[in-house]
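With the hints in hand, could you dock these two chains into one complex?
These protein sequences, in sequence, are chains H and F.
The working numbering numbers the first residue of the first sequence as 1 and each following residue consecutively.
The working numbering numbers the first residue of the second sequence as 1 and each following residue consecutively.
Quick caveat, the hints were computed from the structure, so don't treat them as lab data.
Treat the hints loosely; a few may be bogus.
[Stated by the list, open to error] Distance condition first, Cα-Cα at most 30 Å in a straight line; then the derived DSS-like pairs of lysine-lysine:
#, chain 1, residue 1, chain 2, residue 2
1, H, Lys136, H, Lys427
2, F, Lys489, F, Lys415
3, F, Lys23, H, Lys337
4, F, Lys360, F, Lys159
5, H, Lys335, F, Lys23
6, H, Lys423, F, Lys105
7, F, Lys375, F, Lys360
8, F, Lys159, H, Lys337
9, H, Lys455, F, Lys72
10, F, Lys158, H, Lys337
11, H, Lys136, H, Lys335
12, F, Lys23, F, Lys360
13, F, Lys159, F, Lys438
14, F, Lys438, F, Lys360
15, F, Lys158, H, Lys423
16, F, Lys72, H, Lys423
17, F, Lys489, H, Lys335
18, F, Lys23, H, Lys427
19, F, Lys23, H, Lys423
20, H, Lys427, H, Lys337
Values in this document were obtained by computation on a predicted structure and should not be read as measured data.
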Amino acid sequence: MSVLIIIFLTALVALFAGVFQQGKFSRYISILGLMVAFYVSFLSEAAFFSQYQNMYEFGANAALFTKITIVVTILLFFIAGFAFSNHRSHQSELYALMLFSLCGGIILFGYQNLVTLFLGIEILSIPLYVLAGSNKTDLRSNEASIKYFLMGAFATGFLLFGVALIYGSTGSFDLYTIHAFAVKNPKDLMLILGAVLMLVALAFKVSLAPFHMWSPDVYQGSPSLITAFMMSVVKISAFFAFFKLMTIGFLGITSEWINVIGVLIIITLFLANVMGLAQSNAKRMLAYSSVSHVGYLSLIFYGMNSLSSYNLAFYLFAYSLATVGVMMCLIWVEKLKRETSYNAFKGLAHTEPILAVTATVSLLSMAGIPLTAGFMGKFAIFAQAIDTTPFLVLVAVLGSALSIAYYLRLIMAMFFPAESSFKTSEKVSLTYNIVAVFVVVALVAMGVFPDLFAKQFGL
Amino acid sequence: MSYLLLTLLLLPLVGSALVFAWKNPASKFLALGIAFAQMFLTFYMLSSFDFKPTVDGVLQYEINYPWSNYIKSNLHFGIDGMSMLMVLLTNILTPIIILSSFNEKPGYRNSFYGLILLMQFGLLGLFTSLDGLLFYIFWEITLIPIWLIAGIWGQENKKIQFTTRFFVFTFVGSLFMLIGLIYLYTHSASFALTDLYNADLTSGAQTVIFWFIFFAFAVKLPIFPFHTWQADTYTYSPTQGSMLLSGIMLKMAVYGMLRYLLPITPEPIFGLSGKIVLVLAIIGVVHGALIAIVQNDSKRIIAYSSLSHVGLITAGIIASAMVTMNGTVVTTGGEGALVQSFAHGINVVGLFYCADILYKRFKTRDIRQMGGLAKIAPRFAVFFLIILLGSIALPLTNGFVGEFILIKSIFEYSKIAAVIAGLTMIFSAVYLFRFYGKAMFGEGDEAVLASATDVNAVEFTVLASLVVFVILLGIFPQPIIEMVSSSLKFIYTSMLN
Numbered sequence: 001m002s003v004l005i006i007i008f009l010t011a012l013v014a015l016f017a018g019v020f021q022q023g024k025f026s027r028y029i030s031i032l033g034l035m036v037a038f039y040v041s042f043l044s045e046a047a048f049f050s051q052y053q054n055m056y057e058f059g060a061n062a063a064l065f066t067k068i069t070i071v072v073t074i075l076l077f078f079i080a081g082f083a084f085s086n087h088r089s090h091q092s093e094l095y096a097l098m099l100f101s102l103c104g105g106i107i108l109f110g111y112q113n114l115v116t117l118f119l120g121i122e123i124l125s126i127p128l129y130v131l132a133g134s135n136k137t138d139l140r141s142n143e144a145s146i147k148y149f150l151m152g153a154f155a156t157g158f159l160l161f162g163v164a165l166i167y168g169s170t171g172s173f174d175l176y177t178i179h180a181f182a183v184k185n186p187k188d189l190m191l192i193l194g195a196v197l198m199l200v201a202l203a204f205k206v207s208l209a210p211f212h213m214w215s216p217d218v219y220q221g222s223p224s225l226i227t228a229f230m231m232s233v234v235k236i237s238a239f240f241a242f243f244k245l246m247t248i249g250f251l252g253i254t255s256e257w258i259n260v261i262g263v264l265i266i267i268t269l270f271l272a273n274v275m276g277l278a279q280s281n282a283k284r285m286l287a288y289s290s291v292s293h294v295g296y297l298s299l300i301f302y303g304m305n306s307l308s309s310y311n312l313a314f315y316l317f318a319y320s321l322a323t324v325g326v327m328m329c330l331i332w333v334e335k336l337k338r339e340t341s342y343n344a345f346k347g348l349a350h351t352e353p354i355l356a357v358t359a360t361v362s363l364l365s366m367a368g369i370p371l372t373a374g375f376m377g378k379f380a381i382f383a384q385a386i387d388t389t390p391f392l393v394l395v396a397v398l399g400s401a402l403s404i405a406y407y408l409r410l411i412m413a414m415f416f417p418a419e420s421s422f423k424t425s426e427k428v429s430l431t432y433n434i435v436a437v438f439v440v441v442a443l444v445a446m447g448v449f450p451d452l453f454a455k456q457f458g459l
Numbered sequence: 001m002s003y004l005l006l007t008l009l010l011l012p013l014v015g016s017a018l019v020f021a022w023k024n025p026a027s028k029f030l031a032l033g034i035a036f037a038q039m040f041l042t043f044y045m046l047s048s049f050d051f052k053p054t055v056d057g058v059l060q061y062e063i064n065y066p067w068s069n070y071i072k073s074n075l076h077f078g079i080d081g082m083s084m085l086m087v088l089l090t091n092i093l094t095p096i097i098i099l100s101s102f103n104e105k106p107g108y109r110n111s112f113y114g115l116i117l118l119m120q121f122g123l124l125g126l127f128t129s130l131d132g133l134l135f136y137i138f139w140e141i142t143l144i145p146i147w148l149i150a151g152i153w154g155q156e157n158k159k160i161q162f163t164t165r166f167f168v169f170t171f172v173g174s175l176f177m178l179i180g181l182i183y184l185y186t187h188s189a190s191f192a193l194t195d196l197y198n199a200d201l202t203s204g205a206q207t208v209i210f211w212f213i214f215f216a217f218a219v220k221l222p223i224f225p226f227h228t229w230q231a232d233t234y235t236y237s238p239t240q241g242s243m244l245l246s247g248i249m250l251k252m253a254v255y256g257m258l259r260y261l262l263p264i265t266p267e268p269i270f271g272l273s274g275k276i277v278l279v280l281a282i283i284g285v286v287h288g289a290l291i292a293i294v295q296n297d298s299k300r301i302i303a304y305s306s307l308s309h310v311g312l313i314t315a316g317i318i319a320s321a322m323v324t325m326n327g328t329v330v331t332t333g334g335e336g337a338l339v340q341s342f343a344h345g346i347n348v349v350g351l352f353y354c355a356d357i358l359y360k361r362f363k364t365r366d367i368r369q370m371g372g373l374a375k376i377a378p379r380f381a382v383f384f385l386i387i388l389l390g391s392i393a394l395p396l397t398n399g400f401v402g403e404f405i406l407i408k409s410i411f412e413y414s415k416i417a418a419v420i421a422g423l424t425m426i427f428s429a430v431y432l433f434r435f436y437g438k439a440m441f442g443e444g445d446e447a448v449l450a451s452a453t454d455v456n457a458v459e460f461t462v463l464a465s466l467v468v469f470v471i472l473l474g475i476f477p478q479p480i481i482e483m484v485s486s487s488l489k490f491i492y493t494s495m496l497n
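Pulled out of the complex, with its shape left as it was, chain F reads as follows (with noise of 0.2 Å):
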């Protein structure tokens, strides 16, 4: 029984409910410092953390306790180095997100606050669960309060359609998955995680458990053609739930593919399914680009960056599982999934911010009525400009090494796949400079202009901290590589069992 992981757990909702009591605008800080102990305390946690395991995959910081005579199903927590990453990104990032919202007139309510602790508290749970069930309930969790967020803070007159549309496509996608993991669980001795992995399935069964599971995690990536909820929700979403929507939550989806589809149904991935889903994703890589290219609308563009971004992690994922299901355990495309599902993480946060420091200054959206902020403020050109790159993936900045070993791992599966898939990374330039250029530079509105002003503060503390994030993990990616190589060996061993 371990208190650290008791206490990273249950201080966020702890937390979150004591800021839906204090109905007071200071609860924002204490929201906000709440976000910060949670942090410190990851960090702590990652200070005594074993890299090198002598058993692969083994769990630190376990809770293992009785919950249900009725079903198989315990209270069981533990963290292995995926878990680890996941944590930390989900560390780092709320109190981030949390402090970005701070320049917001009028501030949010407490309520809003509330609702992105009760997230973190959902997405921590996810990310730390060794059970089925709980992996389930977790995963409906954190539905609940970013559709609140969205609904209640979203853009007025659309957000009936956008949010009921978010909604109902995700909520259809996890009952697939409950139908999925029910079905697994009459097949196995029980909701635990080993017991899952040792269910006894014929090929016929593990086809149709993959296909449900899958359906929710290919919605909440999304994968094409899931996607159409997506562009709305990430654009008329408050910029702080684009941001938990993107930078956190779609992970939920990386995680589930790797800690579940992979070992429990790896027969249906070594043949036709995990051949179309592979297509799938590449398609997507392309289609989330091409679209990209043409949009005016800066968060939309963003938004199908990111379907193109997640459609490389889903298939070097697959491709590397297809690579090793012919004999030798190749974990590559699992590093580069989780590599980049960090890196991705902290860009798209720093992207979607940078929108809406431009929504600030220039009052809309639309990238062709932007225009000469550079000139202006310099500081924001140069945060904005490494951001960018990073996404881009350049070398030296943490979008490169993900998107490197992706393409390696696609490359070990099929090169023409591998060719295809790395047009992602000529596509997001084109895209990014063109908003880049669109917003920066040229002449731009005089009269915008000259009311407009370079970065604040609070924009200041939250862009050069992401930037800190984006240069440090493209020079030194190496400890994150160490931290999930163990459990993605374990991972991608257990599929040829």
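Isolated chain H, as found in the complex (with noise of 0.2 Å):
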């Protein structure tokens, strides 16, 4: 908890360097204090806090997950002060309520109890919706505003009628009481609707199809920092939120409602995928892209093991890394050419090798290409789940088979042409230059050594 503390308050700094006109260092204490809450996150908790314990606790999986989602943000950050570049008035409050969304995901890695997964859930979106929206100017970000707030807030509806069905049936809130509950009967009607409500609100939440439908709009509309956080940290906390709830609170009702989550899975392969291949812009594609990866995700609810949190840690920090691998790119490209089309990236590789590598790491580890990240997460959820699942193993093979085509035609884009299309003397920042080395570093490292990721993060 004493992480949430912290970039709580370093969240509030943040805010009121900016009511004191210094918005300017938002970013750098910003950075900071992600990097002491980084350190933080390996010690262990203060014996203070246990008394919190029935509601929230900052256990194992929590720290793991806490760590990955910090080293994203931080990376995150490092790039937002050149994405951010033309917000010249209002940095600080994008970067506070980053950290606020950050607060909320924390909340829901250690939460206990519903109605800390509720508050878990609105602190995570309120700070987006705003976010999404920041790009005041733009039409598209406003859509992306409005959109993902209705969208929202009707899922947060869902999931309140959820909560109400099961401490209807459960008489509480706590993850464990329901856990005994469910174990004991499997057969009540009000618990498994309540269930059932609940999936329903979260797969809304980690746009898992057809409850994507905002996704694509709003990662398109978005600025492309808000929409890469997006992608990488919201969705590590909404994935594990979802992924915590289902194994422990309902693992005693799995059987109502693992098919379900089996028919998601086929729905969401084959249509992020199929849309994914039509799309004729970079940014959107990447928006189907990842509801795409999604679906690779929740085969993880099959063949469940001791190492299933570990692997969707993997796959989920791989997947981040990735994605901040290639929206750097997207960011760059898209401040030159005002655009994300496919032919903006024409010939990047000629005046932006580094970028043009780091993008194509990426998405070749997005695609589950070996000697990267990806590969090696697909590969242990793949293996985990193909003995009780060889069907939807197979789908998710066609999938990624799809998937492959699209993630090509942006490599393509930038490598094949036989000259550059940008005519600009502007170069990358060294800052940037070093998060994209981190970036392709890592994902190699952890390809290359999978144990590394273990080892780094403390398990």
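See below:
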């Protein structure tokens, strides 16, 4: 919980820096605060916080997921200096809101109670509604914000209704009480109904099809860095909350909801990958790719074992790093070209080889090519699921096969033209290059030495 | 822990990093130097290689290093006779391929050579790895550099289309192989090759695994009807890309079939699945040859001839496997396949280079617009003819030995199949002599011929070194057969257990 407090205080300081006309320091304050929080997340929790353990517990899983979200957020803040360079006046709010959202995520990693879950989801989402619309003069950004807010509010309704039904049947908000009740009464209709409603709400938050309709529009309309934040940190948080709820709270009634997820996976993988193929805009393609990754991830519910949450963390971290890698390239192109169609990327490899290679490695990692982290993530999840559900694994493989085609289009646009379409002398800054190199090294290192991840995050 | 093998594996990787970093036209010499160093290192390893080990299939130059706690897979590399032959092929052809590009004007960038060395790293890793997951990883790694080579330096107006098709086809194939390997892994103790061999599998599970893994090989070889990516890719890639693809890369599948499919899934090979594969392979032999006869594009002729040749290789492997499953271990098919793989690698690289030389003289790949070059370029005519004869499988050339053993092995299984597959010898003479006649003889265009020259120094070196191998292996094939026989005996014997 100390991590949560540190990040919250950092957010406040960053926000007030803006109030006192010192908004340009917000980024440094935020990065510093996040680094302190990252360090603290390795320490054991102070005994004082144990009195909250019925609501929130910073256990081993919470620590692991907190660490990966903090790392991704730090990377995003490093490139934010360039990404937000046209937001001259309101920078501090952006950093503060992102940190608040991260707080919501960290609450979700350690929730023990449905009330905390609800609070976490709202704290995660509400700053995002604002952030999605932070490009005030852009119509698409406004559209994204309104759309996300309306749909999000609707999903919250489902969530609350589900919580109410569960409370009605079990008489408690506590996750472990619900767990015990579900194990004892696996046929309780009200509980099952509540579980399915909560599943719908969380499927909305992680954008499992057919509850994904908001995500392409929101991801495309939001400022690119916010999109990257939503694809990485928000997805990690929401998915882990989903995972924890289903596999702890509703473990006893697994047979009731597992097939629902199976159907959602098939729809997601098919729809997202086919729609991804049809796109001509790289940012929208990445939005669909992000939806499809939730489909692969959801295979984690099959053939669960003691390593599942580790595999989940690995996959999510690999995916988030890859997202940072592609999005930083996309942000650069968007700044120069004012658009993000495939054509805008033409010949990037000639002018900015480092960015092009970073984006390529990231895309290959998303596609699951060996020696990248994405392969190891996919491998672990497929290996876990194959005995229980070979059919879904086959569907996932066919999905991957489709997905490679649209990832390739972007790589081809960057590498294959004989000359660059970028007529500018502007060069990428040093920070940007450092982040790019870090992403490539991390992706390859995790692909070559998968155990490195476990060692670095103190497992 | 063998440092020799470790050096052999890491040298191309380090070399490719150096070549990528050194943005200078001279970096191609660095790449060539590394490739030559690799070749001599291989020769050195060959000199201390035990050709007749006391235990069949024993591994030499072994490296075994634990990798991951979460995946039961080791960094396990080693060389037996079969691997040695493939390593030899890779390391002989790579310097030749690099050298063959020195004629290009304007020359290729440093990244071209970096990618070739990266490709070499992937190939060597694949041929020496002894672990299912490593095999898959290297299988995929080789795809990225060759795809980039084909895409960046391929024919401008076609490249988006053909590279996408090539990549998606092979990627789908390898994904199926991944599923097959994961399924196999869940039924065995670990990814180690010996554990995979001892996996406890029902006949049904074996059939599933066979088809999933075979699909990847069928695309890579390619086997009819998965060959639709091949002709375009070979035709529109730069010459060096075509050489890498057909000369070395498709041997990955030959090697994979022998190393993985035969020992792990003997039952489906003996059953219906094996028969289906045999029929498809023989259809490929005839189909490829018939298409090659009517082609006018020089690179397309070579592409389809390649389809025809690999069909024969596959048929030989499967035929001997089926004979073996009847109770007596027969390794002729495997021997023929490996000898022919080596020979085909040399010949096809030579043919692609000859096509490239013709293209440089005539500025077209259409053989109807060529002609009369033999008068102007007698040395080229001789080299071209020898490589061509090797490909046709004339006795005393390398191609003859392989095809003869292969047809013998198919004959042992089925006489009719052998007769049909044997047509390849006749057909290949038809289409290759047609190619040669149109390109080298006849009147030709006076204006073009006036400016045409005989081979220059680079072309001479490349062609001469290839021709040496064509003749040498045609007269002395025995060392190669000896090299592989022990490991093949091990593989075909383990089918029975």
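Structure-based check of all given hints:
Of the supplied pair hints, the one linking Lys136 (chain H) and Lys427 (chain H) holds, its CA atoms being roughly 27 Å apart against a limit of 30 Å. Between the alpha carbons of Lys489 (chain F) and Lys415 (chain F) the distance comes to roughly 24 Å, so the proposed pair stays at or under 30 Å and holds. For the suggested pair Lys23 (chain F) and Lys337 (chain H), the alpha carbons sit about 28 Å apart, so the restraint of at most 30 Å is met. As the CA atoms of Lys360 (chain F) and Lys159 (chain F) are separated by approximately 20 Å, the hinted pair is consistent with the 30 Å bound.
A distance of roughly 28 Å separates the Cα atoms of Lys335 (chain H) and Lys23 (chain F); the hinted pair therefore holds under the 30 Å criterion. Simply put, Lys423 (chain H) and Lys105 (chain F) have alpha-carbon atoms about 27 Å apart, close enough for the 30 Å limit, and the pair holds. With a C-alpha separation of about 17 Å, the suggested pairing of Lys375 (chain F) with Lys360 (chain F) holds against the 30 Å cut-off. For the proposed pair Lys159 (chain F) and Lys337 (chain H), the alpha carbon gap of about 25 Å is at most 30 Å, so the pair holds.
A distance of roughly 18 Å separates the Cα atoms of Lys455 (chain H) and Lys72 (chain F); the hinted pair therefore holds under the 30 Å criterion. A hinted pair counts as satisfied when its Cα atoms are at most 30 Å apart, and Lys158 (chain F) with Lys337 (chain H) qualifies at roughly 27 Å. About 17 Å separates the Cα atoms of Lys136 (chain H) and Lys335 (chain H), which keeps this hinted pair within 30 Å; it holds. Of the pairs offered as hints, the one joining Lys23 (chain F) and Lys360 (chain F) holds, with about 27 Å between alpha carbons and a cut-off of 30 Å not exceeded.
The straight-line distance between the Cα atoms of Lys159 (chain F) and Lys438 (chain F) is roughly 28 Å, inside the 30 Å bound, and the hint therefore holds. Straight-line distance between C-alpha atoms of Lys438 (chain F) and Lys360 (chain F) comes to about 16 Å, which keeps the hinted pair within the 30 Å bound. Note on Lys158 (chain F) and Lys423 (chain H): the hinted pairing holds, with a Cα-Cα distance of about 26 Å set against a maximum of 30 Å. Distance hint between Lys72 (chain F) and Lys423 (chain H) is unfulfilled; the C-alpha atoms sit about 50 Å from each other, more than 30 Å.
Our distance criterion of 30 Å between C-alpha atoms is broken by Lys489 (chain F) and Lys335 (chain H), whose separation comes to about 63 Å. With a C-alpha separation of about 19 Å, the suggested pair Lys23 (chain F) and Lys427 (chain H) falls inside the 30 Å cut-off, and the hint holds. Under the criterion of a C-alpha separation no larger than 30 Å, the hint pairing Lys23 (chain F) with Lys423 (chain H) is consistent with the structure, at around 22 Å. Restraint check for Lys427 (chain H) and Lys337 (chain H): the C-alpha separation of about 14 Å stays at or below 30 Å, so the hint holds.
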